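Residue numbers (our numbering), protein chains in the order written: chain A, 84 to 418; chain B, 7 to 84; chain C, 76 to 494; chain D, 92 to 419.
To be clear, the hints were calculated from the coordinates, so they are not data collected in a lab.
Please read these numbers as outputs of a predicted model, since none were measured by experiment.
All C-beta atoms in this analysis are idealised placements derived from N, C-alpha and C, irrespective of residue type, glycine included.
Just to be clear, a hint being listed does not mean it is correct.
[Claimed, not checked] Estimated spans, in silico, between C-beta atoms of each pair: (1) D:L345 with A:G394: 53 to 59 Å; (2) B:S46 with C:R291: 29 to 35 Å; (3) B:P65 with C:D425: 23 to 29 Å; (4) D:Y346 with A:K134: 51 to 57 Å; (5) A:P332 with D:E152: 35 to 41 Å; (6) C:W449 with B:D68: 25 to 31 Å.
[What the hints assert, rightly or not] From the derived model, a few chain B residues whose C-beta atoms are all more than 10 Å from chain C: (7) T8; (8) E11; (9) S33; (10) K58.
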Amino acid sequence: MRAAEQLAQGLRMTYREACRQAIREALNDDPRAFLMGEDVGLYGGCYAVTKGLLEEFGPERIRDTPLAESAFVGAGIGAALAGMRPIVEIMTCNFSLLALDQIMNNAATIPHMSGGQFAVPLVIRMATGAGRQLAAQHSHSLEGWYAHIPGLKVLAPGTVEDARYMLKPALADPNPVLIFEHIVLYNAEDELDPAVTSVDISSAKVRREGRDVTILTYGNSLPKSLEAAETLAGEGIEAEVVDLRVLRPLDDATIFDSVTRTRRCVIVDEGWKSGSISAEIGARLVEERFFELDAPLRRVCSREVPIPYAGHLEEAALPQLPQIVEAARSLMGRK
Amino acid sequence: MTEEEVRQLACELLSDIAPDTDPSALSGKEDIREALDIDSMDFLNFVIALNKRTGVAIPEEDYPELFTMDDIVAYVQR
Amino acid sequence: MPALGADMESGTVTEWLVEPGGEVRKGDVVAVVETHKGAIEVEIFEEGVIAELVAKEGDEVPVGGVLARLAKPGEELEMREEPEAAEEQGATTKPGPAEKAPAVEEPPKIAPPSRPKAEPPRPEVPAAAARPAAETRAKVSPAARRRAAEIGIDPETLEGTGIDGSVTLADIEAAGHRAPAARPKTAKGKPDKARGSFDPIEMRQAIAAAMSRSKREIPHYYLTIIIDMGRAQGWLEDYNRERPPEERLLPAVLPLKATALALKQVPQLNGFWEDGQVARADRVNIGWAIALRGGGLIAPAIRDVDTLSPSDLMAALRDVVARARSGGLRSSELTDPTFTITSLGERGADSVIGVIYPPQVAILGLGRVSERPWVANGRVVARPLMVASLSGDHRASDGHTGGLFLSALDRLLQEPDAL
Amino acid sequence: MSEKPHLDRAHGQHLFKEMLRIRRFEARCAELYQAQKIRGFLHLYDGEEAVAVGIMQALEERDAVVATYRDHGHAIARGIAMGPLMAEMYGMLEGCSRGRGGSMHFFDRSKRFYGGNAIVGGGLPLAIGVALADKDLRSGAVTACFFGEGAAGEGEFHECMNLAELWQLPVLFVCENNLYAMGMPLEYAEAETDIYRKASAYRMPAEAIDGMAPIAVEAAARRAVESIRTGNGPYFLECRTYRFRAHSMFDAQLYRTKEEVALWKARDPLSRMQAWLQESHMLSSDDLARIDGEVEAEIDEAVAFAEAGTWEPVEDLERFVLMDEVPE
Chain A
84 MRAAEQLAQG
94 LRMTYREACR
104 QAIREALNDD
114 PRAFLMGEDV
124 GLYGGCYAVT
134 KGLLEEFGPE
144 RIRDTPLAES
154 AFVGAGIGAA
164 LAGMRPIVEI
174 MTCNFSLLAL
184 DQIMNNAATI
194 PHMSGGQFAV
204 PLVIRMATGA
214 GRQLAAQHSH
224 SLEGWYAHIP
234 GLKVLAPGTV
244 EDARYMLKPA
254 LADPNPVLIF
264 EHIVLYNAED
274 ELDPAVTSVD
284 ISSAKVRREG
294 RDVTILTYGN
304 SLPKSLEAAE
314 TLAGEGIEAE
324 VVDLRVLRPL
334 DDATIFDSVT
344 RTRRCVIVDE
354 GWKSGSISAE
364 IGARLVEERF
374 FELDAPLRRV
384 CSREVPIPYA
394 GHLEEAALPQ
404 LPQIVEAARS
414 LMGRK
Chain B
7 MTEEEVRQLA
17 CELLSDIAPD
27 TDPSALSGKE
37 DIREALDIDS
47 MDFLNFVIAL
57 NKRTGVAIPE
67 EDYPELFTMD
77 DIVAYVQR
Chain C
76 MPALGADMES
86 GTVTEWLVEP
96 GGEVRKGDVV
106 AVVETHKGAI
116 EVEIFEEGVI
126 AELVAKEGDE
136 VPVGGVLARL
146 AKPGEELEMR
156 EEPEAAEEQG
166 ATTKPGPAEK
176 APAVEEPPKI
186 APPSRPKAEP
196 PRPEVPAAAA
206 RPAAETRAKV
216 SPAARRRAAE
226 IGIDPETLEG
236 TGIDGSVTLA
246 DIEAAGHRAP
256 AARPKTAKGK
266 PDKARGSFDP
276 IEMRQAIAAA
286 MSRSKREIPH
296 YYLTIIIDMG
306 RAQGWLEDYN
316 RERPPEERLL
326 PAVLPLKATA
336 LALKQVPQLN
346 GFWEDGQVAR
356 ADRVNIGWAI
366 ALRGGGLIAP
376 AIRDVDTLSP
386 SDLMAALRDV
396 VARARSGGLR
406 SSELTDPTFT
416 ITSLGERGAD
426 SVIGVIYPPQ
436 VAILGLGRVS
446 ERPWVANGRV
456 VARPLMVASL
466 SGDHRASDGH
476 TGGLFLSALD
486 RLLQEPDAL
Chain D
92 MSEKPHLDRA
102 HGQHLFKEML
112 RIRRFEARCA
122 ELYQAQKIRG
132 FLHLYDGEEA
142 VAVGIMQALE
152 ERDAVVATYR
162 DHGHAIARGI
172 AMGPLMAEMY
182 GMLEGCSRGR
192 GGSMHFFDRS
202 KRFYGGNAIV
212 GGGLPLAIGV
222 ALADKDLRSG
232 AVTACFFGEG
242 AAGEGEFHEC
252 MNLAELWQLP
262 VLFVCENNLY
272 AMGMPLEYAE
282 AETDIYRKAS
292 AYRMPAEAID
302 GMAPIAVEAA
312 ARRAVESIRT
322 GNGPYFLECR
332 TYRFRAHSMF
342 DAQLYRTKEE
352 VALWKARDPL
362 SRMQAWLQES
372 HMLSSDDLAR
382 IDGEVEAEID
392 EAVAFAEAGT
402 WEPVEDLERF
412 VLMDEVPE
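Bound-form chain A, shown alone:
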């Protein structure tokens, strides 16, 4: 089928369109659901994800907020406490720090602190990652930070399919779920498998099978890792690419299973190395699967700098194909 026909049949779409369709579906399915955030309505979304939804659903359900992350994220938490199913959009995860108090001290704690009397069925969507030369205050990957916090679920859709189908189970979840949409992926286009109508938000997914080395990754590092696996295959190295998808709670079973088979592991994470989700995974592997390892762990992460503006510097700061290939290759004892 040609791309144009697929588009016409609604099978082929961008990640952005997938996010939009997911929101549309959520709002249609549940009258308690509404979206709020900065510029989600009139403007159509900073990354145009919510374009057209205001006209479709009206200002009560596509609620533009002032630039007040703490207030509107907290309001989302309060609304969830009081029976609504809010979807809160934070323009980029850098801005989420202004709402960190609400996310951490309220959303993540109240169910436990109230002894289970209250749940916070809330979804917070935010854009993450670098690659568009947006400089240091719009380019960071903070999902690993949030994955530190008990009481939250943290998702990172790396495919159009996940972008399309993760919102629904996230909204159905009784817990606060954070979805990190990678800004570079918004333009990614793929054909949806018509047989797939839902995904789970509890498991990682093997995107490519291989026997020699496991590449654990998520988000925009997923396409890079798949490309690396292709390159490696040309050298006779069969890399297994595991899309983590869920950064909290981590799907230890899938991770451990893959690494137990390949016994070698490269973790590709756009976050910084220090205190990162890649560090967490590495520690778990060493704690739980030490004796399965046949080589040291390797991590390909962002350089430990604020992501710079200049294109060549930004590129140098991020995990790239050659480093992923080299990391995997080195574990095979090849130069």
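The hints should help you fit chains B, C and D onto chain A, whose structure is shown.
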């Protein structure tokens, strides 16, 4: 030396060479090399020891006359 | 724990011949280790002072495991013992096991008695300098280490193909295929055998492993020659006739010496197959296969055979055979052979075609000498004949080379005076 | 509902008794704290009782409450039974938060009591969210959001004032202005010390009232709630009050003088209410003895309830970190 003395001496020497065997159980006509699984080095050591203990000169060409216990007794008593 | 053979995995320390503080010199025998080939004396290849006996008597230590720590000459000791205990040993110089080791000449010189008792030794060099063990630990992946333990291979003896030369699971599996002698872990306790004895089952397994590896890995070729031993025998009879039994030579001495000289002429057969090529040995150390009563075989080296006179060679042969039987072999004697001779002796078979002991590249099999018809100058005569068979590693040499060796051997044995 | 409190004998005694319940409950808490039955932080409401009691008179069952870490008074006045509150102080499973919240984090779903919040200003976004839901769900409920004057220094305060007015949310902001944010005097912290004027700037109805007078608070609260329920958006009450005790149990009170405390104690809502009731012949000495006895008995019972409590099994430690379902 009496026959018995020679026999006892031979058993003692062979026991030193092949400690895990029991030469006293040998019949007079058995080839000691086969019965005790001793090789040329062992046999040479036996000859050396026998020569020292009995004073009997044992030229090399006489080695075949020492292959059984009866032979040994006869050779030493000669 | 030294690796005394391709098939050795571990050894049990049965006796220490040195004490902490004892000075050692290269070649000193420092310990006796029980292996499946019997008790072996462990030599030391460096000079220094024993800093610590890491393995205790009765400990089973895998090959590559640390037996003792050695402080280099001039290096301040980092004693693990209590200072008092060390001083006591130094001060009293009681006749300890160290004195049994012939090469340990001096009583321990550490911890002079003048030092106050309570004062611990003051390191004059950074303590780290005396602790090389951590740096020398081989890189073995966790998975490889576990698998190695399962199948009983010492991973630190292997050459790794992984990152930074680390030993990987694949390396272990490959080694496991090479050496299936991997002993199943049984409930068997420590060996309770006296020194000098050996476990026939273990030895059988070790021979099985080495020979299986040889037959699997080494493409053998075989050459045979019949040698007229008349002149050699005649020379030997003359030599022995005038001598008391203890000075007499065994018939084996002459072919042994002749083989060494032939190897000097055809050095391609004297050495090892390593990393895909022949590493020629610069000495001729001939492993002499010694059958042990009760079964089993061991082939310790007689060193520099080419340089020894027949009488010296006889003494060396007598010594090594005696020690092989009593369990007093030194570790290096098992690893030193550059070539092996197997001879079934006068009561054996007419010929023996040997299996090469890896990583050596050839073995000579000598049949018994017996009178048989022989054609000389167009007439059939009775002559004492011996079938000499060469097994060669075809990776390392070709039949032509082997032929040159056998004819050299024949030629040398026709001139016993020159041996 | 009338915005004027109907001040008959029963209601007068009710206001007095509610304040006395809080006062005596906390006095017992302080005692138990020193006996180490209660641990952690203990922030007492002593002196501020008129605020909670007055505000709660205007609330209905459907309404919601978001409180601060100084939440004993709010919880008691909201009608949460003392037993679970005291058990919570003890850290018992039978506590209103299973012993996981303690003094600062009382929760009660049945009373729509969304917790004592220990982040200054942290409850405000939550409260406007609850109000937003109530608005969207057309429940007609009002959310009463308590906070101290210290919260006015937080950015969240301003975000929430703005959002509440902007979206016309049914929320009653109750600023308990006791003049000190911990030890920080109001005039050292705020350029504008009339807090209600900050709210006014966001165009919502806002007033300052005497927080030491339960009847005045109740009257203002009824006014405010009436306004909110009729759809006029949020309402802001700055209740000027004073805490007689230290900020928490371990506080040398270097930031204020004994004279100042004495001055405010002369305006103690309890003794003034008692005197006024007695003067007005609405409280006899028999009534006083009866109320006193009832309150003491209730507290004794609460302590006994807490003492008889059980520890939550450690195996349940990770329960409710993630919820299996949304409680209905």
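Query raised in the report: So which of the earlier hints does this model not fit?
Result: 10
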